[in-house]
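Residue numbers (the working numbering), protein chains in the order written: chain A, 1 to 297; chain B, 1 to 297.
One or more of the hints may lead you astray.
In silico lysine to aspartate or glutamate, DMTMM-like type, Cα no more than 25 Å apart, as pairs [stated by the list, open to error]:
hint	chain 1	residue 1	chain 2	residue 2
1	A	Lys249	B	Asp147
2	A	Lys72	B	Asp163
3	B	Lys249	A	Asp34
4	B	Lys159	A	Asp253
5	B	Lys246	A	Asp245
6	B	Lys168	B	Glu283
7	B	Lys228	A	Asp34
These aren't lab readings, by the way, just hints derived from the structure by calculation.
2 protein chains.
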Amino acid sequence: MIAKEEITVWFQTLQADICNALEDADGTGKFTADVWQRPGGGGGTSRVIDDGSVIEKGGVNFSAVYGETPTKILTALNLDKANFYATGVSIVLHPHNPFVPIIHMNVRYFEMSNGTYWFGGGIDLTPHYIDREDAQFFHSSLKEVCDRFDPAYYPSYKKWADDYFYIKHRKETRGIGGIFFDRLTPKDNQSKSDIFSFVQAVGQAFAPIYTHFMNKNRDLPYNDQHKKWQYIRRGRYVEFNLVWDKGTKFGLDTDGRTESILMSLPPFAAWRYNFTPPADSAEAYTISLLNKDINWI
Amino acid sequence: MIAKEEITVWFQTLQADICNALEDADGTGKFTADVWQRPGGGGGTSRVIDDGSVIEKGGVNFSAVYGETPTKILTALNLDKANFYATGVSIVLHPHNPFVPIIHMNVRYFEMSNGTYWFGGGIDLTPHYIDREDAQFFHSSLKEVCDRFDPAYYPSYKKWADDYFYIKHRKETRGIGGIFFDRLTPKDNQSKSDIFSFVQAVGQAFAPIYTHFMNKNRDLPYNDQHKKWQYIRRGRYVEFNLVWDKGTKFGLDTDGRTESILMSLPPFAAWRYNFTPPADSAEAYTISLLNKDINWI
Numbered sequence: 001m002i003a004k005e006e007i008t009v010w011f012q013t014l015q016a017d018i019c020n021a022l023e024d025a026d027g028t029g030k031f032t033a034d035v036w037q038r039p040g041g042g043g044g045t046s047r048v049i050d051d052g053s054v055i056e057k058g059g060v061n062f063s064a065v066y067g068e069t070p071t072k073i074l075t076a077l078n079l080d081k082a083n084f085y086a087t088g089v090s091i092v093l094h095p096h097n098p099f100v101p102i103i104h105m106n107v108r109y110f111e112m113s114n115g116t117y118w119f120g121g122g123i124d125l126t127p128h129y130i131d132r133e134d135a136q137f138f139h140s141s142l143k144e145v146c147d148r149f150d151p152a153y154y155p156s157y158k159k160w161a162d163d164y165f166y167i168k169h170r171k172e173t174r175g176i177g178g179i180f181f182d183r184l185t186p187k188d189n190q191s192k193s194d195i196f197s198f199v200q201a202v203g204q205a206f207a208p209i210y211t212h213f214m215n216k217n218r219d220l221p222y223n224d225q226h227k228k229w230q231y232i233r234r235g236r237y238v239e240f241n242l243v244w245d246k247g248t249k250f251g252l253d254t255d256g257r258t259e260s261i262l263m264s265l266p267p268f269a270a271w272r273y274n275f276t277p278p279a280d281s282a283e284a285y286t287i288s289l290l291n292k293d294i295n296w297i
Numbered sequence: 001m002i003a004k005e006e007i008t009v010w011f012q013t014l015q016a017d018i019c020n021a022l023e024d025a026d027g028t029g030k031f032t033a034d035v036w037q038r039p040g041g042g043g044g045t046s047r048v049i050d051d052g053s054v055i056e057k058g059g060v061n062f063s064a065v066y067g068e069t070p071t072k073i074l075t076a077l078n079l080d081k082a083n084f085y086a087t088g089v090s091i092v093l094h095p096h097n098p099f100v101p102i103i104h105m106n107v108r109y110f111e112m113s114n115g116t117y118w119f120g121g122g123i124d125l126t127p128h129y130i131d132r133e134d135a136q137f138f139h140s141s142l143k144e145v146c147d148r149f150d151p152a153y154y155p156s157y158k159k160w161a162d163d164y165f166y167i168k169h170r171k172e173t174r175g176i177g178g179i180f181f182d183r184l185t186p187k188d189n190q191s192k193s194d195i196f197s198f199v200q201a202v203g204q205a206f207a208p209i210y211t212h213f214m215n216k217n218r219d220l221p222y223n224d225q226h227k228k229w230q231y232i233r234r235g236r237y238v239e240f241n242l243v244w245d246k247g248t249k250f251g252l253d254t255d256g257r258t259e260s261i262l263m264s265l266p267p268f269a270a271w272r273y274n275f276t277p278p279a280d281s282a283e284a285y286t287i288s289l290l291n292k293d294i295n296w297i
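Could you put the whole structure together from the sequences, leaning on the hints where they help?
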């Protein structure tokens, strides 16, 4: 059976590959590396890009941490005491140009000393301005990845993303969703490697998908109004991450590494009281599409 | 015994008085009023100021809401079913000039159909740059208000504010604290009016204290570095309000009026990965003072 070390090394390589692909596409931005250790065991490398040609602020984090399982997880799993091992790659990119979407990706593996393990992950897109064709490209790409493994994956994980990336207090989705899955374990005649292969495919899909949007939209002209709207949408991104995102909450609650957890926050965000874009504007069109259960394909 | 109607009317008047005092001090900014109704009963008036001479964004909210008590409160109070009535004034002001502090004030009254009632409230200050004299003025003013009622109030409510306005994941306080109190009910030979008088005194202290800072610091020169630091401190303000503030959490969880709850968020905020100001800078000095249990007087 595939061991945690193999998965860890693969994630580490994925981090490097993605940073290289993003630097190539960006042209001028370079990732810096910040290596950190976790007091309770393990650590990670946060790779951060700042003020590139396309990416205004972004992070591609790798971590492999282990030790005594936090009480919150033990309680959730109904366990007394166990050690855990968790490794993964987590990405959020905030572009300069409001027509380039914000993207988030995460792939992760979790294992306990009692033998339990699972994979989780997903990719979701947050366009400041929703473009139907871009949304179709994004969801078709994810469906294609899923379908290589199981035709049931895309519909199920697409719905999971819709439900997960939902800003309840705004009654709107964070963006156009994508796929989200958690606690994946082998079913029927599946092996651990089958699931790992799927998670690898999701990880490998990230760079081609996002560099497509970088290349396609990086030079689209924009004005102050577009930029203002981008700041407001980023404000909603902050609201989702700090109020509803379970990973962020868990990390901050359990004394995780704050700078790595909050790497997802935008360089600059804005809030206006009761901001409502004019009817028939591109901004109002975007809001009208921030709903669950849209078939983007 | 003093009735909820009387308290409600007093809060409404306080809102008007404070808005007038702030408009006078600001010079050009004017509050607009947004009257809203709560589907379950009651409503409020959000008064918002935008791009004044001193205040960049601020809100002075009044509300009086009632109806069936949310399950979360019933559980906390170990009650099956009861109606509630809640009224109060809540303020957050974000100034343009980084040398004018952010301020927050809240006074509130809560009553249940089973006869239980209590008062709560407080004032706390978040300077982007901590000035010892300003901090002393602020805390002395609050102590003076408290001491008029009970010499035990200031030390106790000052500590409560230190503990409440704490950004756990940053291991820093939101600012220099102030006073915070909740669930105040008459003790010993106190009457309900005694407590209401104290809450009124806190409410009335707000305008003189904040207009003092507006007048004193509004014309202090500042540059891009100061402004950048202000945006970063505002980012921390967002983190506190969205991650740790119990009132915000409760409001968003129980389907409160989002725009009124999130009125506290700044017009613009920034996040930088691992931002650390140079040693011996004014910014580093401020961080060194973001701790609990400092005697500012």
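| said: Tell me the hint numbers this structure goes against, listed in increasing order. | reply: 1 and 3
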